[in-house]
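Given only the sequences and the hints, what does the whole structure look like? Please build it.
Numbering (the working numbering), first residue to last: 6 to 308.
Read the hints as simulated data drawn from the structure, not as lab findings.
Glycine included, C-beta positions come from ideal geometry on N, C-alpha and C.
Mixed in with the good hints, there may be bad ones.
Taking lysine-lysine pairs in the DSBU-like style, the calculated list, with each CA pair at most 35 Å apart, reads [what the hints assert, rightly or not]:
#	residue 1	residue 2
1	Lys186	Lys92
2	Lys138	Lys206
3	Lys159	Lys179
4	Lys251	Lys178
The following label-pair restraints were derived from C-beta to C-beta distances [stated by the list, open to error]:
#	residue 1	residue 2	range
5	Asn80	Ala132	23 to 33 Å
6	Glu263	Glu241	29 to 39 Å
7	Pro151	Glu231	12 to 22 Å
8	Lys178	Phe12	36 to 46 Å
9	Gly235	Ser94	37 to 47 Å
10	Cys208	Pro248	32 to 42 Å
11	Asp249	Ser275	40 to 50 Å
12	Asp249	Asn197	42 to 52 Å
13	Glu241	Tyr9	22 to 32 Å
14	Gly66	Cys208	12 to 22 Å
15	Asn197	Asp147	20 to 30 Å
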Amino acid sequence: MSLYEFFFGFSDETKARHPHIFKDLDIDRRKCRRVVPMKVLCLSMGRTGTASMKAALEILGYPTSHGFDMHENPNDADLWMEATDAKNSGTAKKTVSLNADFWGMQLGHVSAVTDFPANMFGPELIAAYPDAKVILTERDVDKWYPSFDQALIKSNELPIVSSIFGQLDPVVKKLAPLVTKGMMRGQFRAGNAVEWRRNAKPCYTEHYASIRRLLADQPERLLNFEMEEGWGPLCEFLEQPVPDVKFPRVNEAAIHGEMVMVVMTKIMRSIVGKLMGRGGLLILVIVLVILVFWVWVLRSPKG
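See the structure below:
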């Protein structure tokens, strides 16, 4: 990712590293139904190896949903928002039941889930798919927190920035509210970044405890998996042969940082094209200043 790409377009290397950002599937999940059985629910919190788990599960033959996927089909955010409202606010409960039929629309194309937003619906998914196996990957909370803060909390400290870019880009407009309403307010019971930081560690710990309580009488369904263990325990649990490839190790922090910059550059290229076509030089300058400030906030270390 370079300044050159801002002016002259994205390289093949960037497109290959982040293919989901350059797709636009435009699928309406409301018209979809389950086409493959749900087999694996990896309900771990983000920044605990969820991208590695997605890669591993797909090597084993399980099409897997991960939060990154919404960039290739932003329409997915619509049903996730309905589920969020049904779970957290109750406003959609009369029309939305978080049962197998609902998840068949939203997740009918995959056999496994990992990461956000699926991890916000652990109890509902466990109930909807009683035959699915559950996997938890957990980091020490004090090691997990700095990575999570940098990737999620810090990048949402300035709601006005998300609001501005939401008005300028349809993808951000769909995805940003899901992070705010679903993750921050729902999963972490916070109204702003200060409360989010205060609640992050307790909510993280409670998340894992609650999943384990749910499955206390079904221990055969749950694997507490350590990434360092590699293929052995995972393949034994899923009753799959061990692949003849190394267990995938995805650097989530690096990938996420790159992805954010690619997304923002893609947005800015689109905005610049529109504004220059309309002679909106002043607006362009304002947007660029906001972008520079936003990137500075995102990259600067937390004191």
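Okay, the hints, checked on the actual structure:
no. : hint                        : result
1   : Lys186 - Lys92              : 11 Å, holds
2   : Lys138 - Lys206             : 26 Å, holds
3   : Lys159 - Lys179             : 19 Å, holds
4   : Lys251 - Lys178             : 38 Å, violated
5   : Asn80 - Ala132: 23 to 33 Å  : 25 Å, holds
6   : Glu263 - Glu241: 29 to 39 Å : 34 Å, holds
7   : Pro151 - Glu231: 12 to 22 Å : 20 Å, holds
8   : Lys178 - Phe12: 36 to 46 Å  : 25 Å, violated
9   : Gly235 - Ser94: 37 to 47 Å  : 42 Å, holds
10  : Cys208 - Pro248: 32 to 42 Å : 35 Å, holds
11  : Asp249 - Ser275: 40 to 50 Å : 43 Å, holds
12  : Asp249 - Asn197: 42 to 52 Å : 49 Å, holds
13  : Glu241 - Tyr9: 22 to 32 Å   : 48 Å, violated
14  : Gly66 - Cys208: 12 to 22 Å  : 33 Å, violated
15  : Asn197 - Asp147: 20 to 30 Å : 23 Å, holds
Checked against the numbered hints listed earlier, the structure breaks hints 4, 8, 13, 14; every other hint is satisfied.
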